[in-house]
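Trainee: With the hints as constraints, model all of the structure from the sequences given.
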Amino acid sequence: MSPALRFVVGLVLGLALLTWGAFVLVQTTTREWIEKDVRLRAELAVAGARQALSVNWRSDRSTELREILTDITRDDRIMAAAACDSDFYRLAQTAGFPPRFNCDWIADQVRNLANPTVPASWHQTESLPGGPVMVSAMPVPDSDLILGFVVLVHDLSFAARRETSTRQFILLAFAFLAVAASMTTIIVARLTSRSWSEEIRRLARGEAPRGPEFRPILRDVRELVERMMVEKETESEGGAWTPQRLKSTLTRHLHGERVVIVANREPYIHERQPDGSIKVVHPASGLVTALEPVMQACSGVWIAHGGGSADRDTVDRNDRISVPPGENTYFVRRVWLEKEEERGYYYGFSNEGLWPLCHIADARPTFNTEDWQQYQAVNRKFADAVCAEVDSEDPIILVQDYHFALLPRLIRERLPRATVISFWHIPWPNSERFGICPWRRELLEGMLGSSIIGFHTQIHCNNFFDSVDRFLETRIDREQNAVVQHGRATLVRSYPISLEWPVRWVKSIPSAAECRAGVLNELGLPTDALLGVGVDRLDYTKGVEERLLAVERLLERHPEFLGRFRFVQLAAPSRTLIERYRRLNETVELVAARINERFGKNGYKPILLFRSHHEPSNIFRFYRAADLCYVSSLHDGMNLVAKEFVAARDDDRGVLILSQFTGAARELTEALIVNPYDLEEASSALAGALTMTPNEQRERMRSMRAYLAEFNVYRWAGRMLVDAARIRRRERLSGRISERLSPAASA
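Just add 92 to the spot in the sequence shown (first one is 1) and you have this note's numbering.
Just so you know, not all the hints are guaranteed correct.
Computed list of lysine to any residue pairs in SDA-like fashion (alpha-carbon distance at most 20 Å, straight line) [claimed, not checked]:
(1) K371 <-> P417
(2) K697 <-> N767
(3) K128 <-> R253
The set of hints was computed from the structure by calculation and includes no laboratory data.
Mentor: Okay, structure coming up:
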């Protein structure tokens, strides 16, 4: 037998052994993965129905319980479901539930756990005549109590089919590999030199190769191993999202690179006072409220329009200033705009065009060519600032909101390896409405320069996909939630934004009782006064007029609140150069004056309207002092005022009344959700909030606070950065592969 033939036979036998080992490993791994997937499905299914289950968890609600269980079993892999109370008495079950897995059987299994006093999810694989199944028992909590268990029976027959397909694939793959490897080995052995073989051996041993052509391969192998280790470590990460965890995530996945944020609004404004001194002002902006804690955690540069009267006097020669004052954790880079630029880009195209286009409110979008030209010019100016601030070829850039729809493409043209994350903070309209914009194609193409585009809700993601599908020639990958254009994918994801937790302003103000006493004293109100609060920019999408009319309707229907209830509206003037906003200011003042004149008597005014800028510390004082907060937005991407009110109430008191047209209504479900256009419903909610028992207030507030603590702004930013890291790793790897496969590289 020739040496070549002996080598081939040995190779085939070795591959056969390797195939067997691989088959065993893959089969075991596949089975574990399937079981993990089934457990996760079970937990998600029950978690999604947890609120409905808690409400109907009684023996006299068995019909409703059975309907809920039937909805859970609509998953084609869930065969049957049952509900057992805390004493393992059956409350309800779906048709075809196997008698073998009754509540008594579940009780025996749970009691056999290592710590049976602690209710926990439990999963076990069993056999039925029809094939293997997995039985899952998951507790249904209600506050600190466990109401009982939901039992799910999963069909695992698909696992056997999947294992068969995997086995066949592995056999075919290794058979092909054996033949291909044998033929390649013979050819290579005959055509290559002895030195080439030696280099291969050195590389296989992990030694540094002598030939320069092997060094990139060795480097890639090492980088691949490092990325695999990072992925493995990520899976083991856990705990609450904090600034430290966000910074650790940035260091772990993106090597601690600094982040560049681009936003129209700056986090700190320097204003010249009449006496010549300079005052630092915090803008009335939900965007700033959310992003500023992220920037403090990650460090980097915040690029924004410098619009303060003393902004130019406080920057260095590079138009930068270190903030926050006294802490200096990151930089603000200010971009200066001429009056005509600000008028066309900000007041014109952004807020007379895009803002009403994206919001379903009583305002007609206005587009004109001059504003569009200024919008293009300012986006280019910000692109220049970004390129001046980055310190690498592949920086991480977070582009914020509708002011910079063109910026991602402009950055991509100059920094093709940049990781650009665009977040659209306002709603995205349906495709028909978006088609109103004369420059719809340019806006979409500009945004698709991003690596990731984020919205608050999946509905807005779907609207964006529909707009792209209608107006651009692209491929939409619905499975991956991505738009593919010119061979490059842009992921489109929903990332509901939130607040830092805990909110820093809560730490610096007095307790709720002290805030209430102080606010009532400032307003000249008695200690038994009932106080409502609203906090907004004066914008027609915020429903301020509808809010005041709801207060009027409350006093009409419930005269018992006359003389005792006051509603404080903290209203920051906004965009007053626009006629629509000036009219809104006048309208709100007239409505407040009319209601006060109608119901006022002996100094009583039901509406207290404060039209001025309010610092966050003062706003949080009012949150803590109020009996209720009414957020009546007519259309809103998220609305952080609602979350701020909940974050302020560490006394677990107060009631949130929330418009159904906010993104926050999908998360803060324990609020009183209303249609702000329906004054009857809104006034009833106001009355219900004012008469709600302390226990109910506590239950609702604790639930919402627990949600915000878990889903805070650090989690929001962390999710985007981890997704960005995955994209970056994939693009780097595919880029290197393309370089090696290109004809130029081969030559």
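Trainee: Each of the hints needs a verdict: does it hold here or not?
Mentor: Cross-check of the supplied hints:
The suggested pairing of K371 with P417 holds, with an alpha-carbon distance near 11 Å, which does not exceed 20 Å. Proximity of K697 to N767 is assessed by CA-CA distance (about 26 Å); at most 20 Å being required, the pair is judged violated. For the hint linking K128 to R253, the alpha-carbon distance of about 17 Å falls within 20 Å, and the restraint holds.
The structure shown violates just one earlier hint, number 2.
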